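Undergrad: Here's the letter readout for the chains.
2 protein chains.
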Amino acid sequence: MGEKSVAKVILPEPTLRRLPWYLAYVRLQQAHGVEYVSSTQIAKEINVDASQIAKDLSFLNIRGKTRIGYEVESLVAELADFLGFGVEHKAFMIGVGSLGSALIQDQGLLQYGLNIVAGFDIDPTVIGRSIRGVPVYSMDELGVKQKELDTEIGVLAVPVEFAQDATDTMIACGLQAIWNFTPFRIKASSDIVIQNTSIYAHLAVMYNRLDERHRLLK
Amino acid sequence: MGEKSVAKVILPEPTLRRLPWYLAYVRLQQAHGVEYVSSTQIAKEINVDASQIAKDLSFLNIRGKTRIGYEVESLVAELADFLGFGVEHKAFMIGVGSLGSALIQDQGLLQYGLNIVAGFDIDPTVIGRSIRGVPVYSMDELGVKQKELDTEIGVLAVPVEFAQDATDTMIACGLQAIWNFTPFRIKASSDIVIQNTSIYAHLAVMYNRLDERHRLLK
Numbered sequence: 007m008g009e010k011s012v013a014k015v016i017l018p019e020p021t022l023r024r025l026p027w028y029l030a031y032v033r034l035q036q037a038h039g040v041e042y043v044s045s046t047q048i049a050k051e052i053n054v055d056a057s058q059i060a061k062d063l064s065f066l067n068i069r070g071k072t073r074i075g076y077e078v079e080s081l082v083a084e085l086a087d088f089l090g091f092g093v094e095h096k097a098f099m100i101g102v103g104s105l106g107s108a109l110i111q112d113q114g115l116l117q118y119g120l121n122i123v124a125g126f127d128i129d130p131t132v133i134g135r136s137i138r139g140v141p142v143y144s145m146d147e148l149g150v151k152q153k154e155l156d157t158e159i160g161v162l163a164v165p166v167e168f169a170q171d172a173t174d175t176m177i178a179c180g181l182q183a184i185w186n187f188t189p190f191r192i193k194a195s196s197d198i199v200i201q202n203t204s205i206y207a208h209l210a211v212m213y214n215r216l217d218e219r220h221r222l223l224k
Numbered sequence: 007m008g009e010k011s012v013a014k015v016i017l018p019e020p021t022l023r024r025l026p027w028y029l030a031y032v033r034l035q036q037a038h039g040v041e042y043v044s045s046t047q048i049a050k051e052i053n054v055d056a057s058q059i060a061k062d063l064s065f066l067n068i069r070g071k072t073r074i075g076y077e078v079e080s081l082v083a084e085l086a087d088f089l090g091f092g093v094e095h096k097a098f099m100i101g102v103g104s105l106g107s108a109l110i111q112d113q114g115l116l117q118y119g120l121n122i123v124a125g126f127d128i129d130p131t132v133i134g135r136s137i138r139g140v141p142v143y144s145m146d147e148l149g150v151k152q153k154e155l156d157t158e159i160g161v162l163a164v165p166v167e168f169a170q171d172a173t174d175t176m177i178a179c180g181l182q183a184i185w186n187f188t189p190f191r192i193k194a195s196s197d198i199v200i201q202n203t204s205i206y207a208h209l210a211v212m213y214n215r216l217d218e219r220h221r222l223l224k
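Sequence lines, in order, name chains X and Z.
Per our numbering, residue 7 is the first one in the first sequence, and the count goes up by one each step.
Per our numbering, residue 7 is the first one in the second sequence, and the count goes up by one each step.
Quick caveat, the hints were computed from the structure, so don't treat them as lab data.
Here the structure is a predicted model, which means the values were calculated and not measured.
Quick reminder that beta carbons are idealized off the backbone N, C-alpha and C, glycines included.
Any given hint might turn out to be false.
Said to hold, decoys possible - If you anchor each label on the Cβ, the simulated ranges turn out as follows:
no.: 1; chain 1: Z; residue 1: R69; chain 2: X; residue 2: S64; range: 23 to 31 angstroms
no.: 2; chain 1: Z; residue 1: R69; chain 2: X; residue 2: Q117; range: 42 to 50 angstroms
no.: 3; chain 1: X; residue 1: G134; chain 2: Z; residue 2: S196; range: 49 to 57 angstroms
no.: 4; chain 1: Z; residue 1: Y42; chain 2: X; residue 2: R69; range: 56 to 64 angstroms
no.: 5; chain 1: Z; residue 1: V150; chain 2: X; residue 2: V93; range: 39 to 47 angstroms
no.: 6; chain 1: X; residue 1: S64; chain 2: Z; residue 2: S144; range: 39 to 47 angstroms
no.: 7; chain 1: X; residue 1: T131; chain 2: Z; residue 2: G139; range: 16 to 24 angstroms
no.: 8; chain 1: Z; residue 1: G180; chain 2: X; residue 2: D146; range: 48 to 56 angstroms
no.: 9; chain 1: Z; residue 1: I16; chain 2: X; residue 2: S144; range: 44 to 52 angstroms
no.: 10; chain 1: Z; residue 1: Y42; chain 2: X; residue 2: E19; range: 44 to 52 angstroms
no.: 11; chain 1: X; residue 1: R221; chain 2: Z; residue 2: R69; range: 40 to 48 angstroms
no.: 12; chain 1: X; residue 1: S64; chain 2: Z; residue 2: E218; range: 17 to 25 angstroms
no.: 13; chain 1: Z; residue 1: D156; chain 2: X; residue 2: R69; range: 48 to 56 angstroms
no.: 14; chain 1: Z; residue 1: G139; chain 2: X; residue 2: S57; range: 44 to 52 angstroms
Required output: the full structure, derived from the provided sequences and hints.
TA: What follows is the structure, given as structure tokens:
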């Protein structure tokens, strides 16, 4: 698989975000001993058009066989390989408050290839401690630790008012990708990879839709 | 503010997801003693077009004054009020494994109006324990506890293979909104509110973009 060109394809973000859904579903099928799945079956199960699924998978050069569909085992392998979940990516947690320490404790991240190897904070009561074996350092040590551990990814979970400062420090210290969990829209030069995961923004959508439902039921 | 009709507006999801960014930014300005901000200023800071911001805010009947902009204090109040972050929404955590217990420990959710009042699991080693004061019950007790506590929201963080079963149970027990943290695309009738927050899917995007960066630098 390493020799294929698929790993070099730059996919549209919506496709990239759907691929893990396909992987989760076909892994389930694999666990049940299913050998082949069609895009129509996947479509029915996960609420995405069959044609969209076929198109997404064709980006990875994965094509189903007529009337048989996709071979489950190789589909799982190719998706997992492409998504990089099987490869260790070292990361720093920037901000070890409530959300930051919760994320360090989530073993799920490791299953998806993210290994948080150290935390950083400015709070002296937290610095020097360790969470599930992950040491917490002062932000002043970020540059030294980045060189020592050769880490590329920073997970940002600081209070909003420190988000941009922390971002600037992370970039100055050599981090190349920032996974931003704050609701603040951080700015960085275009060569820095930024993923925004403002989990709280999803709450706003949920509350609004619940309000709508209540009105409809009145 | 309660008499205004804005709370009844059903906004497009992209708008709803941007509003918390505006709120985070104008709260910062408020903390700095700033009295007015223009959409152009907000735009520059958070990378959204000024016209989009003006349009988003006009959905809420918030309009800036010519050449002065938006009054920061009332903008903060109206956004916070509309988003519902100041109102307590009770929720159950379904699945108290690694991610589930991490989310229970994240005090940030409470700041955004989500109060996780109980956890549920099928693992006998977890049932009966409590996490930060939040009791963990057996899934068998979900219906009884839903009636007792009048909870509408279920936060789903079970292993993929149990995601659909747990969803069906949640709905049968009277929950009306599901915040799905699993990478599985759960199915429910259209009157159930579903928000998917597959944080691991964001990792796929980040890894892919980092790969791209590595190739460009070679």
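Undergrad: For every hint, state whether the structure bears it out.
TA: We went through each hint and held it up to the structure:
| no. | hint | in the structure |
| --- | --- | --- |
| 1 | Z:R69 / X:S64: 23 to 31 angstroms | 47 angstroms, violated |
| 2 | Z:R69 / X:Q117: 42 to 50 angstroms | 48 angstroms, holds |
| 3 | X:G134 / Z:S196: 49 to 57 angstroms | 52 angstroms, holds |
| 4 | Z:Y42 / X:R69: 56 to 64 angstroms | 57 angstroms, holds |
| 5 | Z:V150 / X:V93: 39 to 47 angstroms | 45 angstroms, holds |
| 6 | X:S64 / Z:S144: 39 to 47 angstroms | 45 angstroms, holds |
| 7 | X:T131 / Z:G139: 16 to 24 angstroms | 21 angstroms, holds |
| 8 | Z:G180 / X:D146: 48 to 56 angstroms | 51 angstroms, holds |
| 9 | Z:I16 / X:S144: 44 to 52 angstroms | 47 angstroms, holds |
| 10 | Z:Y42 / X:E19: 44 to 52 angstroms | 35 angstroms, violated |
| 11 | X:R221 / Z:R69: 40 to 48 angstroms | 25 angstroms, violated |
| 12 | X:S64 / Z:E218: 17 to 25 angstroms | 19 angstroms, holds |
| 13 | Z:D156 / X:R69: 48 to 56 angstroms | 51 angstroms, holds |
| 14 | Z:G139 / X:S57: 44 to 52 angstroms | 49 angstroms, holds |
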